[in-house]
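Engineer: Generate coordinates for the entire structure from the input sequences, incorporating the hints supplied.
Taken in order, these protein sequences are the chains called A and B. With our numbering as the guide, the letters of the first sequence map in order to residues 1 to 724. With our numbering as the guide, the letters of the second sequence map in order to residues 725 to 905.
Don't take every hint at face value.
As the list claims (entries may be wrong) - Derived Cβ-Cβ restraints for the label pairs, each shown as a range:
1. Asp841(B) <-> Gln659(A): 43 to 51 Å
2. Leu261(A) <-> Ala740(B): 28 to 36 Å
3. Ser246(A) <-> Val763(B): 31 to 39 Å
4. Ala236(A) <-> Asp841(B): 30 to 38 Å
To be verified - Capping the alpha-carbon separation at 30 Å, the derived lysine-lysine pairs in DSS-like fashion look like this:
5. Lys24(A) <-> Lys83(A)
6. Lys313(A) <-> Lys891(B)
7. Lys790(B) <-> Lys663(A)
8. Lys266(A) <-> Lys226(A)
9. Lys83(A) <-> Lys44(A)
10. Lys266(A) <-> Lys313(A)
What the hints assert, rightly or not - Partial list, computed: chain A residues near chain B (C-beta under 10 Å):
11. Leu556
12. Pro557
13. Glu559
14. Ala620
15. Gly622
Keep in mind the hints are simulated off the structure, nothing from the lab. Glycine included, each C-beta is placed from N, C-alpha and C at the ideal position.
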Amino acid sequence: MPVDPLLQGLVAGFAVEAQEVVQKVTMDLLELERDGMERDALSKLYVRLGRHLHTLKGSASSLGMQDLGDIAHKLEDALAPLKANPQKMPRPVVDILLHGLDLFMLRAQAHADGRGDALPDPAAALAQLVSEAPPPEEAAALGASGSLKMSVSAAQVAVESPAPSAAAEPGPMVPDVVPESADTGWRVSARQVTALMREVERLREVRLRFEERGRELDRVVTLLAKQGLLAETAEARSQLSGTSRSLRTDGEETGDIVEALEEGLKAITTRPVRTILDPLQRMVRDLSRQLGKEARLSVVGSELSLDRRLLEKLQGALVHLLRNAVDHGLELPVQRERAGKHHEGALTLRIEQQGNLLFLECADDGAGIDVERVKKVAESRGVVTSEETARLNENQVRDLIFRPGFSTRTDVTDTSGRGVGLDAVRASVEGLQGRIEVASTPGQGTRFMLTLPVDLGSSPVLVVRATETLVGLPMLAVEATQLARADSLRLGKRRAHLEYQGQLLPVVDLGARLGLRALAPPAEGQPLLIVQSGGKRVALAVDAVVGDRDLVIRPLPSEVRDVPAWQGAATLSRGELLLICRPDWLVTDTSQAQVVAQRRALVVDDSLTARALHRAMLEAGGFSVHLAASGARALDRLATDTYDVVICDLDMEEMDGVQLIAKLRERKETASLPVILVSAHDSAAARERGLAAGADGYLSKRECAAGRLLAEVLDVMSRRGNRA
Amino acid sequence: MKVTPRTMEDAQETEARELLERRASRLREQGETAVEEAVHWIAEFPLGEERYALSLETLRAALPLKMVTPVPLSAPHVVGVLRFQGQVLAALSLASLLGGHGWRQDPAVLLVVDRGDGELCALDCEAIPRPTTLPMSAVEAARVRAEGAVMEVFTQDRQLIHLIDLKRLFALRGTGGRHAR
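Structural biologist: Have a look at this one:
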């Protein structure tokens with residue numbers, strides 16, 4: 001039968017809109033099923049539910065889909081007795097209504113796909129739906145006997161009796177429900193949108209450069225003014241000032257365009273997280289019913305909007321985790337009550353975005369992971385050998401649940417037992433360049449924590465300095481900033497604490513934490529940032545607070561992605577990259593870590609790669625290595641830290657190796673510090689010059705390349721030790 | 725005999741024509757006497773005391789070694805990160821990756837290469853590499869012999885070149901965190 005394209009477009013639009021309405025009805029039904037609702041709230045929910053069902057009926061009938069109108073009408077009938085006397089909705093009635101909605105949507109989609117004519121008679125489907133509902137006596141045992149009988153019978157009547165024509169009733173106007181035809185939009189590929197995003201990011205960088213150029217011009221104007229306010233330069237100064245102002249205005253306008261583009265892109269490419277979370281409520285409810293359990297899912301952060309592609313990929317992982325939590329985590333209601341818990345299990349999904357990282361936590365208050373059982377099952381399924389399990393700690397044993405082929409189910413059910421699940425979840429999270437971890441306490445529950453990079457939009461970052469390294473901190477994690485004062489610090493043997501709002505917060509020295517210098521207590525007046533993450537707080541000691549910036553944080557390349565200190569990098573105005581520190585890493589307690597006494601070396605070289613190579617060699621030899629890019633920086637380091645040996649480049653700008661040695665020999669503390677000079681010059685004259693300057697050793701880069709550095713360092717230290 | 729003095733332009737044109745004819749003749753002789761051998765284009769550079777090379781097809785760009793941000797707590801072979809065409813790339817120490825100890829001179833160049841898995845990274849190098857060729861047969865034979873990421877290939881004049889197979893090199897390595905969780 002030929003189909004009117006206009007009508008088909010309207011039907012397709014109706015299916016999309018109906019999905020949203022059905023989702024709202026589902027959420028209302030799940031709410032009505034819960035205990036403890038006030039009568040007023042119940043009334044409002046029933047009214048809203050009725051309105052939604054009526055909307056579905058009217059819209060479907062207006063478009064000539066009488067079967068859908070009939071289904072919606074029967075659902076309205078089933079609701080009517082309860083609506084008149086609002087009370088908690090019995091589960092079997094909820095089951096019937098939910099199944100009815102499923103039926104409605106299946107048929108709506110078939111109409112949208114042009115398969116409406118081939119659909120079977122809806123009355124038969126509805127009759128089957130009622131027959132699948134639990135018998136009244138079983139439902140009565142659930143505690144709402146009177147209303148239940150009424151509801152079920154109402155539903156049965158609704159199916160058995162012919163439905164009045166929905167068209168006879170006044171329905172809502174079609175334009176209220178049918179959205180814009182799909183033909184009015186564009187279809188674009190993800191690649192095109194991604195390319196556009198990159199261009200917007202480039203434009204953002206251009207805006208930053210605008211700012212930088214403006215500052216440069218201002219500096220030129222200031223310099224000219226310092227030369228004297230000569231009449232000859234008056235016109236040039238005036239023109240420069242004007243250009244600077246125009247540049248600033250242009251920069252601001254560019255900034256506005258970037259923001260507008262970014263907002264537009266966000267609207268196109270993101271959707272609220274609740275669009276994937278709301279359907280999970282239904283899934284949890286149905287599964288717990290099927291397994292004879294009770295569960296309630298709470299969601300925190302569903303208002304967040306995220307990249308559609310990310311959400312689509314996450315949906316499967318979340319379904320797995322929640323099914324796993326209901327099936328393996330939560331106990332049966334009787335067991336829970338025996339353990340002193342509420343009969344209804346609590347599942348929590350928490351979603352939070354910090355900078356370019358998305359934290360997603362799926363927690364249950366069930367029995368927790370039985371480590372011994374995991375070991376036995378992993379061995380019996382051949383996931384690991386008994387020798388391997390003997391070497392694993394508790395965390396490593398828990399990680400076995402992510403291995404392919406692992407399942408504690410001995411039987412295969414619809415829900416689990418096939419050993420496919422958490423390994424697929426891990427694969428999908430890692431496919432998104434994310435990470436999944438599990439924590440569990442016996443008898444109290446299990447938490448799965450997912451960390452995923454998100455790469456859309458900018459976020460506020462606080463830029464700080466530790467030694468000469470600039471570091472970014474997501475502003476959301478910075479609670480406050482203050483200067484260190486002796487009266488608010490408590491200095492212990494191993495670490496300092498800050499008294500803050502009646503609490504003692506551990507002080508973390510950013511420079512030391514990043515391995516840039518030795519640990520030192522905060523100095524008077526040193527900036528301290530109160531950083532919080534996951535409920536933990538620390539006072540972060542930095543050398544300077546540079547300022548706040550709105551930056552696009554990009555994911556790090558694979559070679560450094562797993563370094564837990566860093567969550568991404570952002571481009572600063574001069575084009576250099578700023579590393580963004582992970583707040584959850586900063587607040588991680590390291591006081592338990594064993595402090596191993598290591599020999600300490602300072603590498604001074606203006607070549608980045610030479611510093612990296614020397615560091616690699618010395619660390620391989622058991623040294624703790626700090627780096628300095630110039631002689632002046634090395635002197636700064638040596639003023640506060642102590643080292644066993646210094647490896648110094650001979651040919652550096654500003655202060656060369658010979659000059660640095662001279663400075664070191666002048667100071668009592670460093671007069672006898674072993675220093676090895678390294679140089680590209682391999683001549684005898686260069687070697688003589690270095691040794692005459694007071695170096696303890698001299699190596700050419702060629703000798704370093706041949707692997708002589710470590711041996712020379714040990715030799716020089718030994719000789720110095722013997723002399724001492 | 726009457727001699728017509730040649731102008732400067734005439735003389736240059738004649739010389740250029742003779743030069744081109746000599747070259748064409750040489751090329752004709754090569755074509756007649758030698759069977760063209762398949763070659764593998766490489767980018768060759770010194771590393772320590774030896775000569776190393778990368779397949780030219782893996783090379784995307786050569787950049788001056790600047791604007792690299794060091795990454796504290798990263799693996800020893802990581803020099804830092806840098807921006808390249810809108811992406812964040814890792815700059816890696818090639819000497820360290822290959823288990824060497826250093827360069828004869830401080831590297832001044834970064835080679836942006838395709839790791840073989842679609843991702844780009846930058847490798848440090850003393851100087852811009854020299855494009856040259858190796859006989860394809862020698863490369864294939866070396867590939868069969870090699871167990872690791874570096875193949876030993878002899879040039880026609882018996883010079884040893886260590887040809888780096890980036891795909892193997894990065895497949896053999898894990899990720900770069902010193903303190904990875």
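Engineer: Determine for every hint whether it applies to the structure shown.
Structural biologist: Do the hints match the structure? See the list:
no.	hint	in the structure
1	Asp841(B) <-> Gln659(A): 43 to 51 Å	holds (46 Å)
2	Leu261(A) <-> Ala740(B): 28 to 36 Å	violated (56 Å)
3	Ser246(A) <-> Val763(B): 31 to 39 Å	violated (57 Å)
4	Ala236(A) <-> Asp841(B): 30 to 38 Å	violated (55 Å)
5	Lys24(A) <-> Lys83(A)	holds (17 Å)
6	Lys313(A) <-> Lys891(B)	holds (28 Å)
7	Lys790(B) <-> Lys663(A)	holds (29 Å)
8	Lys266(A) <-> Lys226(A)	violated (47 Å)
9	Lys83(A) <-> Lys44(A)	holds (10 Å)
10	Lys266(A) <-> Lys313(A)	holds (18 Å)
11	Leu556	holds (6 Å)
12	Pro557	holds (4 Å)
13	Glu559	holds (4 Å)
14	Ala620	holds (7 Å)
15	Gly622	violated (13 Å)
Figure legend: structure checked against the earlier numbered hints; hints not met, in rising order: 2, 3, 4, 8, 15.
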